[in-house]
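Spelled out, the chains give:
Number of protein chains: 2
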Amino acid sequence: MSTARTPEFQLNDWVQHRSREVDAALNRLLPKATTRPATIHKAMRYSIFAGGKRMRPALLLAAAEACGGGIKPALPLACAIECIHTYSLIHDDLPAMDNDDFRRGKPTNHKVFGEGIAVLAGDALLTQAFEIAAGCDAWPRYSHRDLVLEIARASGSLQLIAGQVADLEGEGRDLSVAELKYIHERKTSALLCASVRLGGMSANCTPAQLKALTDFGYNVGLAFQVIDDILDVTQTTEKLGKTAGKDVAAQKATYPRLVGLDKSRKIAAQLTKRAFDALKPFKGRAIALEALAHYLLHREH
Amino acid sequence: MSTARTPEFQLNDWVQHRSREVDAALNRLLPKATTRPATIHKAMRYSIFAGGKRMRPALLLAAAEACGGGIKPALPLACAIECIHTYSLIHDDLPAMDNDDFRRGKPTNHKVFGEGIAVLAGDALLTQAFEIAAGCDAWPRYSHRDLVLEIARASGSLQLIAGQVADLEGEGRDLSVAELKYIHERKTSALLCASVRLGGMSANCTPAQLKALTDFGYNVGLAFQVIDDILDVTQTTEKLGKTAGKDVAAQKATYPRLVGLDKSRKIAAQLTKRAFDALKPFKGRAIALEALAHYLLHREH
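As you go down the protein sequences, you meet chains A and B in turn.
Position 156, counted from 1, in the first sequence is what the working numbering calls 156; the numbers after and before it change by one each time, with no gaps.
To get the working numbering, take the position in the second sequence, counting from 1, and add 1000.
Hints are computed from structural coordinates only; laboratory data are not their basis.
Please note that a few of the clues may not be correct.
[Unchecked claim] Under 8 Å between C-beta atoms, here's a sample of chain B residues computed to sit facing chain A: (1) ALA1024; (2) ALA1025; (3) LEU1029; (4) PRO1031; (5) LEU1094; (6) ASP1123; (7) ALA1124; (8) LEU1126; (9) ARG1153; (10) LEU1168; (11) PRO1207; (12) LEU1210; (13) THR1214; (14) ILE1230.
[Stated by the list, open to error] Heads up, simulated DSBU-like pairs for lysine-lysine below, C-alpha to C-alpha not over 30 Å straight-line: (15) B/LYS1042 - A/LYS181; (16) A/LYS111 - B/LYS1252; (17) A/LYS32 - B/LYS1032; (18) B/LYS1252 - A/LYS42; (19) A/LYS32 - B/LYS1053; (20) B/LYS1111 - A/LYS246; (21) A/LYS42 - B/LYS1266; (22) B/LYS1252 - B/LYS1266; (23) B/LYS1053 - B/LYS1280; (24) B/LYS1111 - A/LYS252; (25) B/LYS1181 - A/LYS181; (26) A/LYS111 - B/LYS1053; (27) B/LYS1280 - A/LYS252.
We put the CB at the ideal spot given by N, CA and C, even for glycine.
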């Protein structure tokens, strides 16, 4: 991970420490690889521990910190979000969808376990997310109902799944910038938004803080996806850890394709500025969130 | 539907009335078919309104009645369970799993909408179930946490999904009766059990009532599946509304294959007796549940 803006704050150390905590929590919360039927638990764990950057958990834990909360109540929610993210990757990679053979430099779930088990491993991780969210400690201002609804809405047919549907239907077709934005808002912003909101909820945040986190998550999410589009055309498969140039090959609508590379970079920078502006009310307590946003804008893979 | 044991109680009327209520509630709770992206909502609704028998909602509402509860607080939970059931059918029917072209006499979801959308429609219904369960009214004795955990556990990798995995892995292989029972407990009993337990919870039932409903659901579930096995070898495709003789063709382990038809019928009868015994503490208030159990044992499709 690249270095953060603020010299005193070491994003690398911060992220590494959190990633270890998230991995340990996921290891505790998921059924063991030997639990019957072992195949499904091996498949769930294969994708969960496939070297993901834990970006959503990091954002969630950083949002909790910004609201004065600790890591403990935020951890299960970070795990729930990572389960949702991983399920969506497993299903998106299926031959009937994006048909990806590699993800983070490793064979995709269905290449290792077969399509049937890959569908079920995704289903199981989606279900596990709700079991984890409903099973975690709740706080006075936010109930389990709030937490479960937050996850369900962000990942349901009006958000995360809507994005994937629109993405599938947009393949090989000319999309407008508005249509592309619709896809990005749903495929990426929805879950990033839910991540930082859940972090805030775990810290028993105020309604004003929740609003600020929503604005931050929405804009970081859009920026993240614009950059993903940019990296697909500017980076190699090796560096990305997934097949590069796929969007171009599939004639997918992307920001670089629709508005050019320079304008795409400007849009990403503008969205990140909006994200930073959203953090102003935290007056310096959102240092990890700020550093993460910087990393997201300047990342190279 | 066949007639019930008690002459005064008309199961047909009871079920028809409840089915209409469940259909109306599902229609209210699911996004409209025109809501963007329309494809996914059409696909969700196609399978939800494909003529299912609403057996799980019926059991849930009957359990609520047995505990003195009304239909209103039980209805959203009945819809949530039907969403889970329907999602599992859509995914089970996929080419990578059971590869079924027909379900209830209609083309399966992926035959109409394609595999990609069918995977997503299943995902969306699974997610919708939790949104509905978390969004419904809660009761003093049972919180949203209880309701969501009940659904998540019954449909997770240790229960419903475990059953499908074991089923997939058992194809073309000789299974023991114990292995077959393991599959049936998970593929069918788990969700039927959760259905009646949620019905009880919606009626704010006592712990003793919850225990009785658990025993009832477990045994009815096993009986239901043994009968499904029996019907596959004794009925026609037309009457079943799905391809008959598939289990035999796929050399699937079934009760008739492992222990013969007569013994299978005896096992089903014995399980139903245990289910009836579980209802004794309700002292005549579980009249709809009893009638449903009779119907399940004597059904012909």
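Can you give the numbers of the hints that this structure goes against, from lowest to highest? 1, 2, 3, 11, 12, 13, 14, 17, 19, 21, 25, 26, 27
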